Amino acid sequence: NAGVTQTPKFQVLKTGQSMTLQCAQDMNHEYMSWYRQDPGMGLRLIHYSVGAGITDQGEVPNGYNVSRSTTEDFPLRLLSAAPSQTSVYFCASSYIAGVWYEQYFGPGTRLTVT
Amino acid sequence: AQSVTQLDSQVPVFEEAPVELRCNYSSSVSVYLFWYVQYPNQGLQLLLKYLSGSTLVKGINGFEAEFNKSQTSFHLRKPSVHISDTAEYFCAVSETNAGKSTFGDGTTLTVKP
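Chains as they are written, first to last, in our numbering: chain A, 356 to 469; chain B, 28 to 140.
Errors might be hidden in some of the hints.
To be verified - Reference listing, derived: stretches of chain A covered by chain B, where coverage requires no fewer than 3 residues with Cβ under 8 Å from a Cβ of chain B: (1) 391-397; (2) 400-414; (3) 460-468.
As the list claims (entries may be wrong) - Some chain B residues well away from chain A (every beta-carbon gap over 10 Å; in silico): (4) Lys85; (5) Asn88; (6) Gln98; (7) Thr99; (8) His109.
Since the hints were derived computationally from the structure, they do not count as laboratory data. Keep in mind that this is a model prediction, so the values were computed, not measured. Where is the CB? At the ideal position from N, CA and C, for every residue including glycine.
Isolated chain A (complex conformation) (with noise of 0.2 Å):
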């Protein structure tokens, strides 16, 4: 299994361009979520998934989409970037095994916007 990959590794883009970064899973979890990473914040949640077709937000999602057409892709879309988003993008998925999810992490996208 690759587990969960994003792409691309780097970016970076100039303020009110577009783009979307890429997440996927082989491992036909349920629940998928995107992240931003920001020195000394920790990883706060933007969007997540609890299935195909079902989406929602979550503490930061403004000047963020998303969309879940499959289980196993969940991409983000940056609609205008905006230097306050130059960070590092997280995705994660989890299997909803009942009772707990521990989530599985992707390598991670640096994006800057200049």
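Could you slot chain B onto chain A? The hints should help.
Below, chain B without anything else, positioned relative to chain A:
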């Protein structure tokens, strides 16, 4: 709503010394508790978890943590650290009826020779 506070942002320690990374949480419902480790330029990896049962939980790489419900704490300990333990450590809490996790701000453990 749930929250997590990691009481130390940085913990420097010498090799082979013991270490404790402190984590307090708050929640109005039952929770699951996790510690993750992040090595430089990598994603997060689960160290250990508390779901129920024994309050002393053992994880990978010789780490253990103790759940204290009355003090709402979940401190991480290792009796003797190695240089390779240098990393960022995150405490996280999930409510038992939801999949979302809330993470602390992280503690940077630096092990010196």
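Beyond 10 Å from every chain A Cβ - status for His109/B: holds (23 Å)
Coverage of the stretch 400-414 of chain A by chain B (three or more Cβ within 8 Å): holds (count 4)
8 Å C-beta criterion, at least three residues: is the stretch 391-397 of chain A covered by chain B: holds (count 3)
Thr99/B non-interfacial with respect to chain A [C-beta, more than 10 Å]: Check passes; 18 Å lies beyond 10 Å.
Verdict on chain B covering the stretch 460-468 of chain A, criterion of 3 CB contacts below 8 Å: holds (count 4)
No chain A beta carbon within 10 Å of Lys85/B's: holds (16 Å)
Asn88/B non-interfacial with respect to chain A [C-beta, more than 10 Å]: Holds: least Cβ distance 17 Å, greater than 10 Å.
Separation of Gln98/B from chain A, once the least beta-carbon distance is taken, above 10 Å: holds (21 Å)
Hint compliance for this structure: every hint is met.
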